[in-house]
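Protein chains: 2
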Amino acid sequence: MSNVKQFNNPLTGEGPEKDVVVSSRIRLARNLKKFLFPNKADRKTRNEIIYFFKNNVEIFSSDDYMFIKMNQLDNIEKELLYEKNFISAEHARKNIGRALVINDNISVMVNEEDHLRIQIISPGLNFNELWEKIGLMDDKIEKDADYAFSEKLGYLTSCPTNVGTGLRVSAMCHLPALTLTGRLKNILGVIGKFGLTVRGVYGEGSSSSGDLYQISNQITLGHSETEIIENLYSILGHIIYEERKSRQLLINNEHDKIKDSVQRSLGILKYSHQIEEEEALKLLAKVKFGYDTGLIEKKDIRYDFFADLLINIRPAHLQIYAENIDEENLNIIRSEVIRNKLI
Amino acid sequence: MSNVKQFNNPLTGEGPEKDVVVSSRIRLARNLKKFLFPNKADRKTRNEIIYFFKNNVEIFSSDDYMFIKMNQLDNIEKELLYEKNFISAEHARKNIGRALVINDNISVMVNEEDHLRIQIISPGLNFNELWEKIGLMDDKIEKDADYAFSEKLGYLTSCPTNVGTGLRVSAMCHLPALTLTGRLKNILGVIGKFGLTVRGVYGEGSSSSGDLYQISNQITLGHSETEIIENLYSILGHIIYEERKSRQLLINNEHDKIKDSVQRSLGILKYSHQIEEEEALKLLAKVKFGYDTGLIEKKDIRYDFFADLLINIRPAHLQIYAENIDEENLNIIRSEVIRNKLI
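Protein chains in written order, with this note's numbering: chain R, 1058 to 1400; chain L, 1058 to 1400.
It should be emphasised that the hints constitute simulated quantities derived from the structure, not laboratory data.
Treat the hints with care, as some may be off.
No copy labels: a pair is met if it fits in one copy or bridges any two.
Distance condition first, Cα-Cα at most 20 Å in a straight line; then the derived DMTMM-like pairs of lysine to aspartate or glutamate [as the list claims (entries may be wrong)]:
#1 Lys1398 / Asp1349
#2 Lys1316 / Glu1336
#3 Lys1062 / Glu1287
#4 Lys1197 / Asp1121
#5 Lys1091 / Glu1199
#6 Lys1316 / Glu1393
#7 Lys1314 / Glu1384
#8 Lys1190 / Glu1336
#9 Lys1111 / Glu1393
#10 Lys1197 / Glu1147
#11 Lys1062 / Asp1121
#12 Lys1190 / Asp1361
#13 Lys1316 / Glu1334
Could you build all of it, start to finish, from the sequences and the hints given here?
Rendered as structure tokens:
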């Protein structure tokens, strides 16, 4: 099953507003009417659920999709999928009665918190396109599967916070100028009032290394899918505007200091012999800031270094790159991977 | 008098043991019998002293030497001479009744603390050669000048600490490994017992930026010149041995950490947009350490970058390089000068 290693990084490539919105993600939570939720189901039932999807849902059997039972994968393959954001940490670390259906930038976790977690990712701010694609996928699945649905509540889910649309729309935002000027705090306050939530880049509970923030809808009930998406577009439009304005202000007021800071970050990344993931992320984000604002010349750096390295500096990706390295040398390999990409 | 700007940096070029001893310096304090010491002499007398040397000492009139009255120079020219270590800070900043006789790496201050301060500098550990040259110079001057000399005490000087030989022999040492391992403290203790003294790199009272230390003899009385020089050679031999041993030990035990530190220093120097003199010196010293120990590949960096930049990052040199820059832009020009030399 070595082809799991060959999946593309879903964050690389063109995308609108990439200076502020690194990537967009939509996921739908869906459950079958005739089975217990995964956390209530025993092992036998979970396997029946997998069997049901594999044999009854036509799209999952098409040549475009890979249907993988999670226990067919070794640890490093699961970590790779996790680091590429195709599966959750829990789905990577708990094997039994779980599966994954995957194609390019669409991944469907089977028996995660819900029977299905359908997810699509792309670079930049791209919800309309993603929504169209994931809707199509959802329709194709629903053609062959009877979803748990209530006329009053909408789609039923394992956790009440997802009931209704089962929809989570999120954007990974890079907000160095709002962070540096301290204006982010006010903006985050506003975000809360619009039913949105903010997390660090590596998911729940993580800190905001590299000034990266995941902004997503909190509420799934009482609003239509398009309302949720429109709401996020509107808030993100505001954030993009404010971030860009703050960047310009910073550069006008402290050009030399900021230029020095972003260039030094590039220098350290190009010359370090070993580097921790956290520090690398911070410095890469500074270089991205310099690149997007023109303080670092475009010719001095490869396009898409950030989206590429955001994934490729993570531990399992380094393991695959270097084969059988010990924990200590991971930091040395990480420096090498960064150097190779930046030069 | 713009040719003052064209003097070579006396620290550049080949020299023995340059990995530890950056440069060697010898100076002699001499006074004329028939005049008061400079600090006791009035303006008229100071000018008579200058007049005496200019007209009676043959070597000072030879084509090889430039005879300059300090008030003929503008401030930037005097600062340049000071930054190249040809004159003292006091000689640069106080004009009246002072002169300088200079040729390549020999400089003679007239009416500094003593009537004559004859000084010679060269890269590396080089006392024997320097002593031969300065001795020859001293003889040539003495042929035409009646030195203040006592059979009992030796050469008489303005300050009692220089009486006897009037000789100060000093070496600028780069001791990063002894500093890092904390072993320097013991060694400095020993140095004191041998009548030597240690100062920071930029002269009296300065701190040891970049792990650079000036080691020189304290005592000028009761020992012959050759004894003083032999004593310094012997102590420096010990320090060089200990420093090299510590470097090897550090590299054996902490190769990756040290390599990372020196390479990052190079990265920052190559990419900074602005940099203070103090930070630049620290980073350059780290790069020198990496260069001398082979942790930074010789092909990646120009030979003699350290001795070159040690002088060329100083304010007056930057002023000459860039012409009429304000204080704030000095740090930007400094980064440019460093980049140009390192690339």
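Fill in: Intra- versus inter-copy proximity for Glu1393 and Lys1111 (alpha-carbon distance at most 20 Å)
neither (41 Å within a copy, 63 Å between copies)
Worksheet item: When no copy is specified for Lys1197 and Asp1121, does a C-alpha distance of 20 Å or less occur within a copy, between copies, both, or neither?
Response: within (14 Å within a copy, 94 Å between copies)
Worksheet item: For the identical chains here, do Lys1091 and Glu1199 meet the 20 Å Cα criterion within one copy, between copies, both, or neither?
Response: Classified as within; 14 Å inside a copy, 112 Å across copies.
Item to complete: State whether the alpha carbon distance between Lys1316 and Glu1393 is at most 20 Å within one copy, between copies, both, or neither.
Response: Intra 25 Å, inter 13 Å, cutoff 20 Å: inter-copy only.
Fill in: Within, between, both or neither: Lys1316, Glu1334 at alpha-carbon 20 Å
Answer is between; shortest inter-copy Cα gap is 18 Å, intra-copy 23 Å.
Worksheet entry | 20 Å Cα threshold - placement of Asp1349 relative to Lys1398 | Within one copy only: 17 Å inside, 29 Å across.
Discussion item. One pair to classify: Lys1062 and Glu1287, alpha carbons no more than 20 Å apart. Within, between, both, or neither?
Written reply: neither (36 Å within a copy, 68 Å between copies)
Fill in: Same-copy or cross-copy closeness of Lys1197 to Glu1147 [CA-CA at most 20 Å]
neither (27 Å within a copy, 87 Å between copies)
Worksheet item: Taking 20 Å as the upper bound on the Cα-Cα distance, should Lys1190 and Glu1336 be classified as within, between, both, or neither?
Response: Neither: 36 Å inside a chain and 54 Å across chains, both beyond 20 Å.
Worksheet item: With identical chains treated as interchangeable, where does the CA-CA distance between Lys1314 and Glu1384 reach 20 Å or less: within a copy, between copies, both, or neither?
Response: between (36 Å within a copy, 15 Å between copies)
Item to complete: Indicate which option fits the pair Lys1062, Asp1121 if close means a Cα-Cα distance not exceeding 20 Å: within, between, both or neither.
Response: within (17 Å within a copy, 74 Å between copies)
Worksheet entry | Identical-chain pair category, Lys1190 with Asp1361, by Cα at 20 Å | neither (24 Å within a copy, 62 Å between copies)
In the structure shown, a violation is registered for the earlier hints numbered 3, 8, 9, 10, 12, in ascending order.
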